[in-house]
Amino acid sequence: MPRFPSVLFPDGESADGLAEPAFFGDLNFGQVVSAITAGHGDYELDPFFFAPLHEESAVEYRHEVFGDLERDEVHEVLGEFAERMQRMRKRRTLAGKIHYPRQQQRWFLDSVDSYCAAVAFLQEGLDRVELRSRGLQAMREHVTGYLSGESFRALLADTRDLQERLARIKYRVHVQGARVKVSAFAEDADYSSEVEKTFAKFKQGAVQDYLVDFRDPPEMNHIEAQVLDCVARLHPETFRALAGYCERHRDPVEATIGRFDREVQFYLAYLAHVRRLSQAGLTFCYPEVSASSREVFAEDAFDLALATKLVPDTPVVCNDFRTSSTERVLVVTGPNQGGKTTFARMFGQLTHLAALGCPVPAARARLFLPDRVFTHFEREEDPVSLRGKLEDELVRIRDILRDATGRSVIVLNESFASTTLQDARYIGTEVLRRIIDLGALAVYVTFVDDLAALGEETVSMVGAVVPDDPAERTYKIERRPADGLAYAAALATKYGLTYQELRRRIGR
Amino acid sequence: MKVFLLHGDRDGAPDASPPPNRHDLTQDLELDTLFDAMAAEDEFLRDIVPRVVFASLSEPEEIRYRQQVLADCVANPAVVRDLYAIAVDARRVERKVWFGILSRESPEHILHRSVKILEYLVENLRQLRQIAAEHAGAFDSPGFRRFFAMLQEELDDDYFALVGNHLKELEFPHGVLMSAELGAGNRGVRYGLHRVPHRGWLERIAGSSPPSYGFTVPARDEAGARALGDLQDQGLNVVANALAQSADHVKSFFHVLRAELAFYLGCLNLHERLSAKGAPCCFPEPRPGTDVALTARGLYDVCLALRSREPVAGNDVDADGASLVLITGANQGGKSTFLRSCGTAQLMLQAGMFAPAGSLRADVCTGLFTHFKREEDDTMTKGKLDEELARMSEIADRIRPGGQLLCNESFASTNEAEGSELARRVIRALTESGVKVLFVTHLYDLGRSLHEQHRDDMLFLRAERGQTYRLAEGEPLPTSYGADSYRRVFAPATGSDG
Numbered sequence: 001m002p003r004f005p006s007v008l009f010p011d012g013e014s015a016d017g018l019a020e021p022a023f024f025g026d027l028n029f030g031q032v033v034s035a036i037t038a039g040h041g042d043y044e045l046d047p048f049f050f051a052p053l054h055e056e057s058a059v060e061y062r063h064e065v066f067g068d069l070e071r072d073e074v075h076e077v078l079g080e081f082a083e084r085m086q087r088m089r090k091r092r093t094l095a096g097k098i099h100y101p102r103q104q105q106r107w108f109l110d111s112v113d114s115y116c117a118a119v120a121f122l123q124e125g126l127d128r129v130e131l132r133s134r135g136l137q138a139m140r141e142h143v144t145g146y147l148s149g150e151s152f153r154a155l156l157a158d159t160r161d162l163q164e165r166l167a168r169i170k171y172r173v174h175v176q177g178a179r180v181k182v183s184a185f186a187e188d189a190d191y192s193s194e195v196e197k198t199f200a201k202f203k204q205g206a207v208q209d210y211l212v213d214f215r216d217p218p219e220m221n222h223i224e225a226q227v228l229d230c231v232a233r234l235h236p237e238t239f240r241a242l243a244g245y246c247e248r249h250r251d252p253v254e255a256t257i258g259r260f261d262r263e264v265q266f267y268l269a270y271l272a273h274v275r276r277l278s279q280a281g282l283t284f285c286y287p288e289v290s291a292s293s294r295e296v297f298a299e300d301a302f303d304l305a306l307a308t309k310l311v312p313d314t315p316v317v318c319n320d321f322r323t324s325s326t327e328r329v330l331v332v333t334g335p336n337q338g339g340k341t342t343f344a345r346m347f348g349q350l351t352h353l354a355a356l357g358c359p360v361p362a363a364r365a366r367l368f369l370p371d372r373v374f375t376h377f378e379r380e381e382d383p384v385s386l387r388g389k390l391e392d393e394l395v396r397i398r399d400i401l402r403d404a405t406g407r408s409v410i411v412l413n414e415s416f417a418s419t420t421l422q423d424a425r426y427i428g429t430e431v432l433r434r435i436i437d438l439g440a441l442a443v444y445v446t447f448v449d450d451l452a453a454l455g456e457e458t459v460s461m462v463g464a465v466v467p468d469d470p471a472e473r474t475y476k477i478e479r480r481p482a483d484g485l486a487y488a489a490a491l492a493t494k495y496g497l498t499y500q501e502l503r504r505r506i507g508r
Numbered sequence: 001m002k003v004f005l006l007h008g009d010r011d012g013a014p015d016a017s018p019p020p021n022r023h024d025l026t027q028d029l030e031l032d033t034l035f036d037a038m039a040a041e042d043e044f045l046r047d048i049v050p051r052v053v054f055a056s057l058s059e060p061e062e063i064r065y066r067q068q069v070l071a072d073c074v075a076n077p078a079v080v081r082d083l084y085a086i087a088v089d090a091r092r093v094e095r096k097v098w099f100g101i102l103s104r105e106s107p108e109h110i111l112h113r114s115v116k117i118l119e120y121l122v123e124n125l126r127q128l129r130q131i132a133a134e135h136a137g138a139f140d141s142p143g144f145r146r147f148f149a150m151l152q153e154e155l156d157d158d159y160f161a162l163v164g165n166h167l168k169e170l171e172f173p174h175g176v177l178m179s180a181e182l183g184a185g186n187r188g189v190r191y192g193l194h195r196v197p198h199r200g201w202l203e204r205i206a207g208s209s210p211p212s213y214g215f216t217v218p219a220r221d222e223a224g225a226r227a228l229g230d231l232q233d234q235g236l237n238v239v240a241n242a243l244a245q246s247a248d249h250v251k252s253f254f255h256v257l258r259a260e261l262a263f264y265l266g267c268l269n270l271h272e273r274l275s276a277k278g279a280p281c282c283f284p285e286p287r288p289g290t291d292v293a294l295t296a297r298g299l300y301d302v303c304l305a306l307r308s309r310e311p312v313a314g315n316d317v318d319a320d321g322a323s324l325v326l327i328t329g330a331n332q333g334g335k336s337t338f339l340r341s342c343g344t345a346q347l348m349l350q351a352g353m354f355a356p357a358g359s360l361r362a363d364v365c366t367g368l369f370t371h372f373k374r375e376e377d378d379t380m381t382k383g384k385l386d387e388e389l390a391r392m393s394e395i396a397d398r399i400r401p402g403g404q405l406l407c408n409e410s411f412a413s414t415n416e417a418e419g420s421e422l423a424r425r426v427i428r429a430l431t432e433s434g435v436k437v438l439f440v441t442h443l444y445d446l447g448r449s450l451h452e453q454h455r456d457d458m459l460f461l462r463a464e465r466g467q468t469y470r471l472a473e474g475e476p477l478p479t480s481y482g483a484d485s486y487r488r489v490f491a492p493a494t495g496s497d498g
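Chains A and B supply the protein sequences, listed in that same order. Mind the numbering: the first sequence is residues 1 to 508 in UniProt numbering, read in order. Mind the numbering: the second sequence is residues 1 to 498 in UniProt numbering, read in order.
The hints are simulated quantities; they were obtained by calculation from the structure and are not laboratory data. Be aware that one or more of the hints could be misleading.
[Said to hold, decoys possible] Result set (PhoX-like, lysine-lysine): computed pairs, CA atoms no more than 25 Å apart in a straight line: (1) B/K116 x B/K96; (2) A/K201 x B/K168; (3) B/K116 x A/K201; (4) B/K116 x B/K2; (5) A/K197 x B/K277; (6) A/K97 x B/K373; (7) B/K168 x B/K96; (8) A/K203 x B/K373; (9) B/K168 x B/K116; (10) A/K197 x B/K168; (11) A/K476 x B/K2; (12) B/K373 x A/K197; (13) A/K203 x B/K277.
[As the list claims (entries may be wrong)] Stretches of chain B that chain A covers, calculated by requiring three or more beta carbons in the stretch to come under 8 Å of a beta carbon on chain A: (14) 140-147; (15) 258-267.
Computed from a predicted structure; not experimentally measured. Note that beta-carbon positions come from the ideal geometry of N, C-alpha and C, so glycine has one too.
This is chain A alone, in the form it adopts within the complex (with noise of 0.2 Å):
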């Protein structure tokens, strides 16, 4: 049998133990993160996203995988191998909870029926239909061995037999008073299906439904428990059988199928997501990567924190960038609340997303693999004296600067609040030099306007609002001088009543 570690690490490293970035935080990464595994907590896949490749070879890896897995056949196939996989999970727990032993053998007989579906639904799947992955081919090759051994014919031999057997029986619970008595069952009407009949004549479209979810405790209580002992002298080899059965076969999960099961979320959990977002109008694409050329580009980017926050109810604006062979620095100038900061943090998710080998939110992009992201963000949080504040923020930016290299990726959202705008303009330009010599690829946001203009390493970058009505932000961010132009639309273009738009308004 061929060796196959990982379908998300060609090499076979793992992600586990590794910690959080610090840059999570400022890039509202952490959201992202939580929005893409929700419902999907059992399988943490967390540490996932804490590990960035920074070769182009392991991207590509997983973008084949991607690519395979956006086709409709083979998601289908393995969101319902993960499903079944979840059955048994379920089953197998509650298996090591049960009390009653006739109860406890059955679960765990229904988690191994489970897990043979699983593995063979998997394997039926993935032969059906075309993989382009290395990755995707590699795991077929490895289940398609494991289904041929001989210990996985006996499990399921042995498994089947045994299902048939208890699905076979039947029986009666006659109820009076106090008095339970169990015996075999006899073929006779539903007296249900009776009543229903009698009152159908007044069936007047959908009523509440009554029928009672009862609580299924895992556990059988001790009636039911004397019912089942009953039922186990009306059928003793069966259940004989089944006691020998749980002896025989403890740990049934092979462990390359258990961390495919797992690492595949990773992909099933991302591609939900961006179909989520899709569905609104909005775009993702793979990137092409890069770990020497700064020379990056994006159309139709967006913040994907935000996004998620505002599909499908409010609109998300997106934005473009782009750097030539000399520029470095994307300075972004303009108005407060214009969309700055999410420009900023569009720009390092994009970065980081990338280097997990994920499609990113824009329509086209090419993107840099760093060594490392850095971010630095105003804190609003911190309790400290205005001086101690402007400090602390140069201590920070100053420890960046120190720990990047010219293979970094730096986005700095700069406040220097406490300071006068000639001090502002002072720093900025040290600090704006600092990156500009260290070669980095940087998003440098500042209220200090000359700063777009350093030289050809800064790109200008200005947040944009509709001159007119101040109060009505376009989040656009785009590239030229530092300066304001929009013009105010016709209010009855504005309110859609236009001859032309009122005739497509109605129709006909």
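Go by the hints and put chain B onto chain A.
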């Protein structure tokens, strides 16, 4: 068993979501007066009537179906009120069959309560059949004929006997017999319920029973008794659900009956009020939407008539084929009243009601909308023109080809040139999209420019000076009669206060 008195093919659906513009319609057409008169202080009627009125019918055929049922009601008011009383009584069953509130209801409780509810409702069903047997002959409309025939066919004596037996058997005098299989975790699943076989004494002595094992829950074991109850509940679950749903269906039948009759009761109330005033009404002639029509004799504003002690003046209109009716002329000349009378009559026609007119013929529209000048701006967030345009934009979101829009002084919150230009564009887009527009305006520039087009599908009405409240065909005139109003209001010696 279906009521089908409001529609020939479906329930009245009084819970259907009402059109979002109902508040505008109510405010602009002053419909509260109409609804209050129809409700005659019955809260339930007050709730139902607007829902039915706003759920306009769109096919002439449907409208005629309802007109015929209404004609039966007008001819047999006492029988209809009796039917309504039975439906009201049936709705009281919940209060009469009272079992207290349980935190979690068991199938046994549900079953027991449902038996009691059905025992009660069976009596109401008997009363309905009684009325059907006695009075069916006096009703001519397809709606009522079908309704009475259904009661007599479905609810015969055999059926009442069958139901009685079931309700007795469901008290389980011989215990509960269930069947089951082993499901996940070896718990019982697919519980079935069966009749306990009645074995004679001979069989019992012969002892030909299949093998069985059993146990008895000790009297002291309270948890065991509860668990046994739970087990039994598994077997009763399906039948309890079936019976509870059946009870709901029967209740729902009475609910629908009550709601549908409530509308006709409202019509009866209105009919009595108008008759007492000597105000005429007629069953209008609905025309399909393809046949643009509006012809009336003595069309009056029913809400104004209900409020005033004097008889109100009606208008004659001949606007067949007109997709735009532009109304200009003197202040206090009855323009707004006329516009409201058209809107209200249109709603009444499309609800299958009689119309406030000597005669009326109109095409059915796909939706009625109003855009009236608003004096106040509650929000203060927008300018007046902004507010007007925002409302027009909301209308544009919803109005469809075949719709009808009533405009009262729209676009008057800006200067005449700008307002006229806006109005021209909107009117053109609307009429070319197949929307009928009735437009009251002071904007002379608008009226003149439209009149100069000399189009067959535009009709120009003018309110005359002097308080006749009558409108006649006539081109827009350059001077507004605002000066008249001014003089009247500021007159040194007040002759009449209009």
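Each hint tested on the structure:
1. Under the criterion of a C-alpha separation no larger than 25 Å, the hint pairing B/K116 with B/K96 is consistent with the structure, at around 10 Å.
2. The hinted pair formed by A/K201 and B/K168 meets the criterion: a straight-line CA distance of about 20 Å does not exceed 25 Å.
3. The straight-line distance between the Cα atoms of B/K116 and A/K201 is roughly 19 Å, inside the 25 Å bound, and the hint therefore holds.
4. Taking the CA atoms of B/K116 and B/K2, the gap is about 23 Å. The hint holds against a cut of 25 Å.
5. Proximity of A/K197 to B/K277 is assessed by CA-CA distance (about 53 Å); at most 25 Å being required, the pair is judged violated.
6. Under the criterion of a C-alpha separation no larger than 25 Å, the hint pairing A/K97 with B/K373 is inconsistent with the structure, at around 71 Å.
7. For the given pair, B/K168 sits about 20 Å from B/K96 by alpha-carbon distance, which is consistent with the 25 Å threshold.
8. With a C-alpha separation of about 48 Å, the suggested pair A/K203 and B/K373 falls outside the 25 Å cut-off, and the hint is violated.
9. Our distance criterion of 25 Å between C-alpha atoms is met by B/K168 and B/K116, whose separation comes to about 11 Å.
10. Pair hint A/K197 plus B/K168 holds up; C-alpha atoms about 16 Å apart against a cutoff of 25 Å.
11. Simply put, A/K476 and B/K2 have alpha-carbon atoms about 58 Å apart, too far for the 25 Å limit, and the pair is violated.
12. At roughly 58 Å between alpha-carbon atoms, B/K373 and A/K197 are farther apart than 25 Å, so this suggested pair is violated.
13. About 44 Å separates the Cα atoms of A/K203 and B/K277, which puts this hinted pair outside 25 Å; it is violated.
14. Restraint check on the segment 140-147 of chain B versus chain A: 0 residues with Cβ-Cβ distances below 8 Å, three needed, restraint violated.
15. Counting residues of the segment 258-267 of chain B whose CB lies closer than 8 Å to any CB of chain A gives 0, which falls below the minimum of 3, so the coverage claim is violated.
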